[in-house]
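Given the structure of chain A, go ahead and fit chains B, C and D onto it with the hints provided.
Chains as they are written, first to last, in my numbering: chain A, 142 to 598; chain B, 142 to 598; chain C, 142 to 598; chain D, 142 to 598.
Please note: incorrect hints may appear among the correct ones.
A pair counts as met if it fits within one copy or between any two copies, since identical chains are not told apart.
To be verified - The calculated BS3-like cross-link candidates involving lysine-lysine, where the alpha carbons are at most 27 Å apart (straight line), are:
id, residue 1, residue 2
1, Lys-146, Lys-343
2, Lys-146, Lys-183
3, Lys-503, Lys-492
4, Lys-503, Lys-397
5, Lys-541, Lys-290
Source of the hints: derived by calculation from the structure; they are not laboratory data.
Protein chains: 4
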Amino acid sequence: MSIIKVVSEGLAHFSYFIANEGTASVIDPRRDCDVYLDLARKAGVRISHILETHRNEDFVVGSLELFERTGAEIFHGPGLEWKYGTTLVDGQRFQMGGMRLTALHTPGHTDESMSYVLHEDSPGPGSIAVFTGDAIFAGDVGRTDLAGKDQTARLAGLLHDSIHKRILALGDGVLLFAAHGAGSVCGSDISEREFTTIGIEKHSNPLLHLNKADFIDHKVRERLDRPPYFRRMEVMNLSTRPTMSGMPDPIPLRPKAFAEYQSAGAIIVDTRTADAFAGAHIEGSDSIWMAGLASYAGWLLPYDVPLLLVVDDPVHVEVAVRTLTRMGYDNIAGYLWGGMLQWCQSSMPFKTTRTASVMELKDMLDSNENVIVLDPRPHHEWVKIHLREAKHIFVGELEKNLALLPKDRLIASMCSVGHRGAMAAAILERNGYDNVVNILGGVSAWEAAGYPVVKGE
Amino acid sequence: MSIIKVVSEGLAHFSYFIANEGTASVIDPRRDCDVYLDLARKAGVRISHILETHRNEDFVVGSLELFERTGAEIFHGPGLEWKYGTTLVDGQRFQMGGMRLTALHTPGHTDESMSYVLHEDSPGPGSIAVFTGDAIFAGDVGRTDLAGKDQTARLAGLLHDSIHKRILALGDGVLLFAAHGAGSVCGSDISEREFTTIGIEKHSNPLLHLNKADFIDHKVRERLDRPPYFRRMEVMNLSTRPTMSGMPDPIPLRPKAFAEYQSAGAIIVDTRTADAFAGAHIEGSDSIWMAGLASYAGWLLPYDVPLLLVVDDPVHVEVAVRTLTRMGYDNIAGYLWGGMLQWCQSSMPFKTTRTASVMELKDMLDSNENVIVLDPRPHHEWVKIHLREAKHIFVGELEKNLALLPKDRLIASMCSVGHRGAMAAAILERNGYDNVVNILGGVSAWEAAGYPVVKGE
Amino acid sequence: MSIIKVVSEGLAHFSYFIANEGTASVIDPRRDCDVYLDLARKAGVRISHILETHRNEDFVVGSLELFERTGAEIFHGPGLEWKYGTTLVDGQRFQMGGMRLTALHTPGHTDESMSYVLHEDSPGPGSIAVFTGDAIFAGDVGRTDLAGKDQTARLAGLLHDSIHKRILALGDGVLLFAAHGAGSVCGSDISEREFTTIGIEKHSNPLLHLNKADFIDHKVRERLDRPPYFRRMEVMNLSTRPTMSGMPDPIPLRPKAFAEYQSAGAIIVDTRTADAFAGAHIEGSDSIWMAGLASYAGWLLPYDVPLLLVVDDPVHVEVAVRTLTRMGYDNIAGYLWGGMLQWCQSSMPFKTTRTASVMELKDMLDSNENVIVLDPRPHHEWVKIHLREAKHIFVGELEKNLALLPKDRLIASMCSVGHRGAMAAAILERNGYDNVVNILGGVSAWEAAGYPVVKGE
Amino acid sequence: MSIIKVVSEGLAHFSYFIANEGTASVIDPRRDCDVYLDLARKAGVRISHILETHRNEDFVVGSLELFERTGAEIFHGPGLEWKYGTTLVDGQRFQMGGMRLTALHTPGHTDESMSYVLHEDSPGPGSIAVFTGDAIFAGDVGRTDLAGKDQTARLAGLLHDSIHKRILALGDGVLLFAAHGAGSVCGSDISEREFTTIGIEKHSNPLLHLNKADFIDHKVRERLDRPPYFRRMEVMNLSTRPTMSGMPDPIPLRPKAFAEYQSAGAIIVDTRTADAFAGAHIEGSDSIWMAGLASYAGWLLPYDVPLLLVVDDPVHVEVAVRTLTRMGYDNIAGYLWGGMLQWCQSSMPFKTTRTASVMELKDMLDSNENVIVLDPRPHHEWVKIHLREAKHIFVGELEKNLALLPKDRLIASMCSVGHRGAMAAAILERNGYDNVVNILGGVSAWEAAGYPVVKGE
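Chain A extracted, bound-state conformation (with noise of 0.2 Å):
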């Protein structure tokens, strides 16, 4: 029996591919299926099931990509009016050689939420593995708040009686393989431990220790981002919709004709790190890094016009293809040929970015300059670490709250790092801000320097 862990980066999501003499059943594909085709190759089985947890909302589940590949049947949870695929009943078995899978409803991150369980004939009577999709992961549980604010408390108590009465019921030493590890947007406090048990979670998860009226009560207050485009994965999951065949190729594009793109319409995505966007960067550039690009191209990005790509080197293109097209942006224009310095040696405008350190905008402060510290970073963030002195917009929301920041003043954006206060000071700079300077290092700097902060939680 093998089970690996197929680790989609950026949107931090985890499916697996579980083989056993001969066929193998893959957990919440993702789109860009080769992987899956490779490890059967590699392993000499055919892949038979494709078992999804739930709908997913944060990217573009490959059920049909899979399905068109191998004829793998399809199965869900039940109560949602699936387009394709079969409705699995509670306690469905699915017999793979000596091992097999049975499903289990765990409803409360959604309605149809399904857990998989997987036992051996052979050795003895307890289960061997638990894969709970978005029920819990390592120091973490599922969101409750999806379908919104009027269901959050009676999906926290689903949820609840899913995680104490069906999973944990299974036993300590019972691997927990989740669908989403440290970054998701899918939980704001997922472990960055690469694996975990029953057992495990029991002693170290803080959301297991509270009782059910407790847990529906700091679900109910927890604040969690849900990027707009979640509403668009929502719909194209429970559709049918024609299949992706091999990943998009954007093509590479000279300065000029780069341009001419931007001019009709289509945006630039600069996928550098904040330091390079600061040296030169595009005027009218969207800055998101491209670890980030999974957290952010789905609040910054609309679906209607192309998309142009500037990368540090060609061979990241890929990377962000990939990333775009799993959360359903397929209409990416091309990348600009040989990137920035390329753009700058063709004679073409560029701007840069003012970038300071933690300690000169402790002398900004000092001195009673008139700087206001801008802090992009996610509610949930914010909650835990923060300046007294910021003023707080999501940079997801950040454009529509623009009334807040007056463009008179120095504003100094401050992430913890410098890749949102850059995709802040890119928002600000394209809607005419021009006293932007984008604090590298941020609060873990400003910490670090062993400046005030308010801390919460």
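For chains B, C and D alone, kept in the frame of chain A given last:
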């Protein structure tokens, strides 16, 4: 935090690379240690500690090689006269950022055997994982027979205590990472399962259900094969020695040069599968199929003469060399350029081995043909299932037991697939037996055909 | 500027990826066209042109696949009723930055055959390279027999003119890139040399030393095998057709399922080497060793029944599938899970083929044993060297010439290595010949042993 | 026969692996010689000869490393006091199956320079290829200035003779494989073309059109930069020395440890691009972008202090280490863990460099701002094109010419892309110039904008 299991196939040995916040420890490194350096480079960490669970008998431990490349400190368990490294005390801790490894003395497999327990500082009171070396495997426990018959009962008692009082006490939810998987000569019943927990072992490992007296009794009666090369490994792993820098690169030898090496005393190891060996092979060769090299080379091959390789594809030379050098066989003169068919094209003589199916064997036996069925499998396989008609001589001890087999009768060599059948046939052939047939499919096929078998245990 | 030769092994077909300043052209793309997209991605260029040298008879040209993925325009030579693409005129130019490709009409191999000449704008008056398709190869020239016997002389005359008046006239220093290398069925004497120039060909290619009359005479007398699948390729390459998206992934079939497919009419292609085939194989299989698949599948395999694969290692399934789909064999039902020894373990019956050395064959012939030596090699190999005692029936035409071989005598099948000997033995076996031996090493070994041979040309 | 060009990027050095019938020769191996062993393993051949074209000045030749791994014999040209290897005589032959390499004494670049001519035994009278070392490159010829000014005319005369009487005499069709490609410091006008022939060079290489007197005159007037590390290479390559076993693995250093190394005298090499360096960098760093490391490290970096690396991605550490060790820089203390933004997060101070476009520079110059335009490019680039307003100080010699630059004026550093501009800006910054701007796009952008330039040659 990241734990990566490094599998040395063939030996079915698992070493572990554990990285956290910039540093890494390696447990029981292998000799071809580039793999750990690659992992460290990718993770951006520095290897600082080399932790051995025990002396190891089945391979040359690579601590000295890894030390030479990284400067990492080497640690071993107490009670042996190590010529290098630092001896641990029970409970000794290694802090790696917000994580720590604690050495746990768990004697039994050997007196100095250590386990290592992994904790995180933050999430709660419990342990996360334990690295058990040869104390517990998935589905099995370590051998206690290596120190000699007079020590087995004492060591079995120690092992029972180590398992029950120290390891299982860590809690069901703790992940258990052992030093070996299925196929290792260090255990006869290791599960194919690639991961386990204390909880899973408690419900599925039958040896953990025995009380101490029964456990000791079981271990004393247990009969495991002990390849002669173990002695050499035990000596090597206690001593300093010249390290290996890079893998040896055996040279391609044309048929005539190959034959000259053989004439001068070099031993040919034919690593092809049993069917290819049957179709044509060089007289005097040993037949050890590639995947069986780690299990059987140590039975058949001496250390004091050069080895010659026959492979089905030159890309497999490297696999053979890795396996052999891990077992201390560093003197590999070369491999046959162009393979077996090139040998034939050069007009060199070759031999064939007759093959037959179990149906044909059944016919021979039924028709009272004068056939001896030779079963060359290890004792623990023999006791599980065999033919009533078969004579058991383990292939590792066949050459010194030839007196038991007459030369004037047809000998049907029959394992469970065909590879060890070929190995035995090759030994018989070069000892003057000219009437041997290899029964492909072996006992597995015999049973599948519905013919009678004797089953034990 | 960069020219990359993409080798399709087996077919020994060379396609070319030519990139300069942001754009790329591909000459004669293969059907599994990911390779060009990967090259384009790494080079940061856009594939804009697909240039065919001729219709191609030995493989399915991948222009439609590459067009679908890139939108690149397809160009062919004049005079055929292409259902897609654009027809070229002689001298047509394709500018790629400071480099250009000029189409050169060079009929002979076929009437529409084109070459492409590469120039740089800057460095001087001369050409840099020429892509000759099937006009000239290293050491050989293209076939002129494919349009039928009545056309051969006419085409040979055209080819002589194209070579001498157009290609050689480009100058000795011009690099020459042909469409095929050694091993292709499109030439019998193509050199192993991987690169050449017009100058090298002028001094080393014997066919370029012939005057027109002698050249025509030579080509008319030339006798090359023409696999029956050529007809299908010729039709496919002129037409539009559904494109192939991704490689097919044949599924692993357990022995019983595999046998059921065979019973239902599927054909087994055993791709293992001759020695392994000899040791054990499934009754009724075709034996075509992996490296010979491109040369011999088109002789033996029909297009209208599913194929089944036996491989020595599942990683080789992909190689077989690539080769077969390049030849239009898209209906591959599956491969034998676990390989031949798994078949044996499942107690399925198998056959063996007797093998012998040339020394043993010599003994048989000397002792007047009633043996027929069958030489199954192609005509052009036969005429170069063979045994006086041998009977020549090319393996591609063996099945329809069985009347020439009696069933009551021992047949010694003998090629030059052993693979085609096995192929012939397999055909004989399934047609009821039960006394066949494959002489490993074949004519090469026979000659190496110093036994008498007949040598031609 | 197979010829494989092994490209060492950065140095733009080409070594060659030539294999035929079981043996291989390597011409001018590099120090990290695994690549040749890998090629030999894949081809199933034994490396038997190491052939050097000359002593080499720009890298540490890897003959000793390759000898240690293979036992292959090392050969050099005559007239130097080699401490290892065998000295060749003109015309010496190396037979490799049906192919041979003939040593051809072709002095000129240096007195001992050899070429190697490849013949096949069979196909005809002519040569196939010539490996010319530093005698001829595609589009250029070797330097003749390295032995000192008084030797240049003599060596140029020898080179003209070697080229015309020996190399070009081999015939137009001969493939020409040189030791360097575009970007090497061993030639200023080497073509981007990746392949060439004698015929192509004869029509496109302008230096081959000069008669001997004009050629000598041209070479005497030629002014090429000579990095100071050349001296060290010349000494190393003549001597024996401890070989390098495996690449060094620099360790990740946290910001504080990194800063401590710097304080103790280690030199920071920031390998990021000019835009990222501009956005934030560590005070005192050298800026040498990754692709420029081979060309500029030898100008700026001493051999007697440890080096520290800043990289944009830890996967690039290996690239930097390869490049530096090829140039003899073996003392690399470590690299900055987490990169530049981690440095910022740790609240360490950083510097920025101002950047501007050529349009902005034009405005400054037009408005009579007190700006000095510094052109830090090598002489041969400067003479081709530069700004009339610019002052030329080659970056490799900037530090010793600072007296030429006042500290009280704005200095616009301006190369042709931005990287050497950043390099110069970094040198100025750490010497107390606090008013420096790097003009991104440089002369290329200036010209593209239509502003006036001075063009030479």
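Each hint, compared with the structure:
1. Lys-146 x Lys-343: both (22 Å within a copy, 25 Å between copies)
2. Lys-146 x Lys-183: Both. Shortest intra-copy (15 Å) and inter-copy (19 Å) distances satisfy the 27 Å Cα cut-off.
3. Lys-503 x Lys-492: For Lys-503 and Lys-492, the Cα distance is within 27 Å both inside one copy (26 Å) and across copies (16 Å).
4. Lys-503 x Lys-397: Classified as between; 21 Å across copies, 42 Å inside a copy.
5. Lys-541 x Lys-290: within (22 Å within a copy, 70 Å between copies)
Consistency with the previously given hints is maintained throughout, with no hint failing.
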